[in-house]
Amino acid sequence: MTAAAVVRARGFREWRQGNARVLNETLPAHAQWWREHGREPGELLYVAIGDSAAQGIGASEPRRSYVGLLADHIRLATGRTVRVANLSVSGATVELAVRDQLPLLSELSPDIVTVAIGANNVAVWDAAVFESGIRAIFAALPPHALVADLPCFHLPHNERIVAVGNRILRTVATEYGLTVVPLHATTKRPGLRSVATHVANDLFHPNDRGYRVWAEAFLPALSEDIALLVPEDAEEFADLREG
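Residue numbers (this note's numbering): 1 to 243.
Don't read these hints as lab results, they were simulated from the structure.
Just so we're clear, the structure is a prediction, and the values are computed from it rather than from any experiment.
Hints may contain errors.
[Stated by the list, open to error] What follows is a set of in silico ranges between Cβ atoms, one per label pair, in the way DEER data are often shown:
(1) 99 - 39: 17 to 25 Å
(2) 77 - 125: 33 to 41 Å
(3) 36 - 208: 18 to 26 Å
(4) 164 - 61: 31 to 39 Å
(5) 191 - 108: 36 to 44 Å
(6) 197 - 61: 13 to 21 Å
(7) 129 - 175: 13 to 21 Å
(8) 208 - 38: 19 to 27 Å
(9) 27 - 224: 28 to 36 Å
(10) 29 - 228: 32 to 40 Å
(11) 224 - 40: 20 to 28 Å
Even glycine gets a Cβ: it sits at the ideal position worked out from N, Cα and C.
Between the sequences and the hints, there should be enough to build the whole structure, so can you do that?
Written out as structure tokens, the structure reads:
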């Protein structure tokens, strides 16, 4: 590598680290935002289990995370108010979710549950630990919960790990009768170019556009869950209005 290439590589690394530090500074603000909004009453209760993606790190504001976008969709689709209990913790792995988030879930009776966890396990991969954590989480979920598989990382080494993780996740989800949201396929579809358009400046977390893609992955299955929450008389009334 030439001296100029070394300088460019060092400059890129410092740029990325600087941007990561900036995003890390948003962690407390995002967590506080979700705590405050989680106290707001709602006719429906939406519970999210996850990591920094559920917190919306990388988005321009917390409500533009996939959790915020899905909550807005639930409100619009049902015409009802929604309380969001976002139990996610930035940096969470599956084992940390078992420790920190499941006890909180056990105290709630949610109408909607989404789970997107495990991306942080890729960096410290241990298949046995991952499966043990996934089993513990899935065993604690209500049958209507929606569980996302791991997102696309694009890099070959990470994708090999993700393939193993998603096989485990889907096998366990089938055992518990849970619906798997195709997050990997949805985030893979835009291709490698999405790193420039769908990812925040730390080159890891999604940006606003990236979170819209995450939300799109959940929408088909979420719409099926929502249909069960809309009273039949409300549907009949809507049909009459359209007619």
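Results for each hint:
no., hint, result
1, 99 - 39: 17 to 25 Å, "holds, 24 Å"
2, 77 - 125: 33 to 41 Å, "holds, 37 Å"
3, 36 - 208: 18 to 26 Å, "holds, 21 Å"
4, 164 - 61: 31 to 39 Å, "holds, 35 Å"
5, 191 - 108: 36 to 44 Å, "holds, 38 Å"
6, 197 - 61: 13 to 21 Å, "holds, 19 Å"
7, 129 - 175: 13 to 21 Å, "holds, 18 Å"
8, 208 - 38: 19 to 27 Å, "holds, 22 Å"
9, 27 - 224: 28 to 36 Å, "holds, 33 Å"
10, 29 - 228: 32 to 40 Å, "holds, 35 Å"
11, 224 - 40: 20 to 28 Å, "holds, 26 Å"
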